[in-house]
Every structure is written in C-alpha cells, then in structure tokens.
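The hints should help you fit chain Y onto chain S, whose structure is shown.
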Amino acid sequence: MNIQKLRDEAKRAISRKEVKYLLGYQKGSYGFRVSPAFIESKEEVDRLIFSPLCALSLVNYLMLEEELPQPKEEKKVKASKVALFVRGCDSRALNQIIAEKGITRDELYIIGIPCKGVIDLKKIEARFPGVVDSAEVVEENGNYIVTIKEQILKVPKEELLADTCKVCQYPNPLTYDKLLGEKVEAHSANYQEIRSLEEKTLEEKWDFWQKEFERCIRCYACKNSCPLCYCEGCILDKLTPQWVRRSVDSSENLLFHITRAFHLAGRCISCGECERVCPMDIPLMKLNRKMEKDVKELFNYEAGKDPALKTLLTTFNLEDPEDFIL
Amino acid sequence: MSEFEPNIVAFLCNWCSYAGADLTGTTRIHYPPHVKVIRVMCTGRVNPLFVVQALRQGADGVLISGCHPGECHYLKGNYLARRRFLLMRNLLEFIGVNPLRLRMSWVSASEGKKFAEVITEVTEEIKKLGPLKSFKREIL
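Quick mapping for you: the protein sequence lines, in order, are chains S and Y. The opening position of the first sequence corresponds to residue 1 in the working numbering, with each subsequent residue numbered one higher. The opening position of the second sequence corresponds to residue 1001 in the working numbering, with each subsequent residue numbered one higher.
The hints are simulated quantities; they were obtained by calculation from the structure and are not laboratory data.
Label pairs and their calculated CB-CB ranges:
(1) Y/Asn1014 to S/Glu158: 53 to 59 Å
(2) S/Cys219 to Y/Ser1134: 20 to 26 Å
(3) Y/Phe1050 to S/Glu214: 21 to 27 Å
Partner residues are not named here, just some residues of chain S that face chain Y (Cβ under 8 Å, in silico):
(4) Trp243
(5) Asp249
(6) Ser251
(7) Leu255
(8) Ile258
(9) Phe262
(10) Leu313
(11) Ile325
All C-beta atoms in this analysis are idealised placements derived from N, C-alpha and C, irrespective of residue type, glycine included.
Bound conformation, chain S alone:
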C-alpha cells in the first residue's frame, strides 16, 4: 500500500464539503501500537499511516459518536458525512450495521482498502519483547520487514499473521465509494478446527470450555472492541433485572460468554478483534465461528454481505429445519 496515495485520497476526501472528519490510523504511543486518527483538516493528513499493524476496527469509533438531539429541520440541513478507511471485514461490519439501521449509508464516505491480513499484536510483542520506541512494519513478498530503531529485521508472514486473517473469506471491501489498491485473493471457507471440536463428546467439550471460561476476568475488552457490539442499553450492563452478575465465577462467566456469542449469531463478521484483545487468551473466535458456520449451513446466511438484506433473526424461511421439534 502506497502511503502517499492514501494520504492524497484522504486529502481529497476531507476537502469534500459534506465530510466533517476522517477516521484513519496513526502511530500509537509506543512500540507496535497503532491508534485511531481523527482528521479534521487537510494539513493533518500527514499523520496518517497504514500498515499490517493497523488491526483495530475504525467502525467502533464511528458508533461511539454521541448523537445530540436536534430539531428535525436542522438535521436535514446539516447532512454531513464521516469518511473512514475500511478493509474487507470492516466493510462487512458497516453493511451489517446499515442493515440493522444503526447508521445510514448517507452518513458515510467509505474508502476501501483491500487487506492482505493484519499482525496479531500479541504475536509480534512476544517475538520482540520490550520494544518501546515506535516501530514500523511493511509487508514484502510474504515477509514482514520490521524496523525498530534503524534495525531492519525480516520475519515470515505466517509467524505474525492474525489467526482469523489466515482463513479470511472477504479481504476486499464489499461497499465503498473509492477503492485504493488492487483486489486481493480470498481464502475459501475452512471450518476444520470447529468440526474437530464439535466431534468431541459433551464432557470433553464442557471441560474444554470450562477451563477457558474459568480464566476470564470479565474485563469486557471483547465486548468493547467488537464493531457489532454497539447497543446503547447492553443487557450485560443492566441492573434491573440483572441478567449477569458482576462477580467473576465460572457460572457467571459462562452466561456472559453464551450471551456474547449468541448476540453475535448471524452478525459476527469474523474480524477476530475480540480474540486479539483478550488478555487471557480465550479462544472466542471458536464460539463466533461455530455460530457463523451453523448460520451458513442451516439458513444459508452470511452477515454483512448486503446492506439491503434483512438480519438473520428478524426473518425466517418456511423451510427452516425443524427436526429438533417434537
């Protein structure tokens, strides 16, 4: 990805009258960290970067914006857009949110970037521990060129690539106003890992998940980093009735994870951010991918493919399977 091309495009986007600000990536405070950039004028675009380290989803920041109550007439006049960079998974998240009427397409100016996969921050920080100075990573012919303090190192891509990107089916943005760069080849669906876990006995599965959920410290990082977890009144925060207690024990943790996984059924777009941010390394994507696989096989539905499509659980098909019903 040519960084100059990206900055030029950003400059063009921010110069448009209807665009109020642009969401992009900038260098983080230290090491391999990347933080979101809110660009409001042409002069600021030089801050923007784009590298395999940019794993976080900008869609999150879009949904965090507080909507101030405005009179109806005024709203019409002030029709303004937010420009943002999206990769394949982000564009699916946007499609899904548009389908759920969380946001409208008119509010967005989407610059699509075909994505070759992102680096798992945990993996790179384990490989290069204690890096404080800001480092850079560039992808080149199946290798990552890591630059730390004028030191240049070459690492094979497979070692640092995030697990979800290895099976990514949609690396190219599906919805965009402008596409930067050339389209990337997609992987085919691969649920081998899920199938092998499914085939285990109930006791084995129970023990496996119990061991994983036991470690959960309920920091809610998975929930907060998820581009689709944007409900204002989240059931997990509710006090009357209190569905999930604050206490961290195996039974509350179990309910929390069931709730989280079920609320993402037919909505998860497999960006894998929940698993990457989890401080306890719980394989959350296994739950999400299980739901994704079932939804695909049972209802022939995939989240975020088309913004005009209705959401999975608000629609039905007369021929839905019902062999489990007495």
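Below, chain Y alone, put in the same frame as chain S:
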C-alpha cells in the same frame, strides 16, 4: 435412594399450547407432574436467555411449546422462535450441554393428548440424563 425427580420449565404460548394444556386437564389425561408452566403470549416472546437463566437457576430441562407453523396468532412469532432456538441448542451443545435439555414442540389448542405425550417424553428423557449440576449458579 429415591428416584430423581426432574425440574422442567415449560414456556407455553397463550394461544395454542397453554390452551392445549388446559384441554389435557379438562379431558382428565394424566401426565408427569414435573413441569412448571410459564405462560407467555407467544413463543417469539421467549428470549433465548430465559432458557439459559432457567437452567442456571435450578431447571434440569426447558420446554418451549407454541402454535404449529403457520398458525401463530401473531403470524410469525413461532417461525422466529424456531430459528432462534435451533441456534441456541447448537450453541449449548458446542459448550457441552446436552441439547435434549432444550426441547421445542408444536401443540395446538385441540391437541390435549399430544401435550400429555410431549410432557411424558420430555420428562423421561430428562430423567435419563439426570440432574444438571455443573450449569447451576453457585450462589442463587
């Protein structure tokens, strides 16, 4: 030791299954007394979390029963519920809970006999499975 007496929570839809259960009573058909009935207006009203919560708070099995497809009082509530609970069942099975603990059935208001049969079948199955211990909330 006495036989295991299961706790079964049944969510019955107001228009079909609840009336069906009523018919079972008025026609004096016997069925196992382990079911605790909760009347809801429609199976579409049943949040999948109700099921998990019931299992956590002492139920050994949950039954959701409503109108036959195409006969929903609200036209599509049971279709929506069908999708939801199929997914919930699969998720519970993936986590290691026997999917037989979450059952669904279609019982119309005229099927008093079927209601008794469904309850008998579900109760027998759950009796075979035994109590659900591991899923319970530690402090109620």
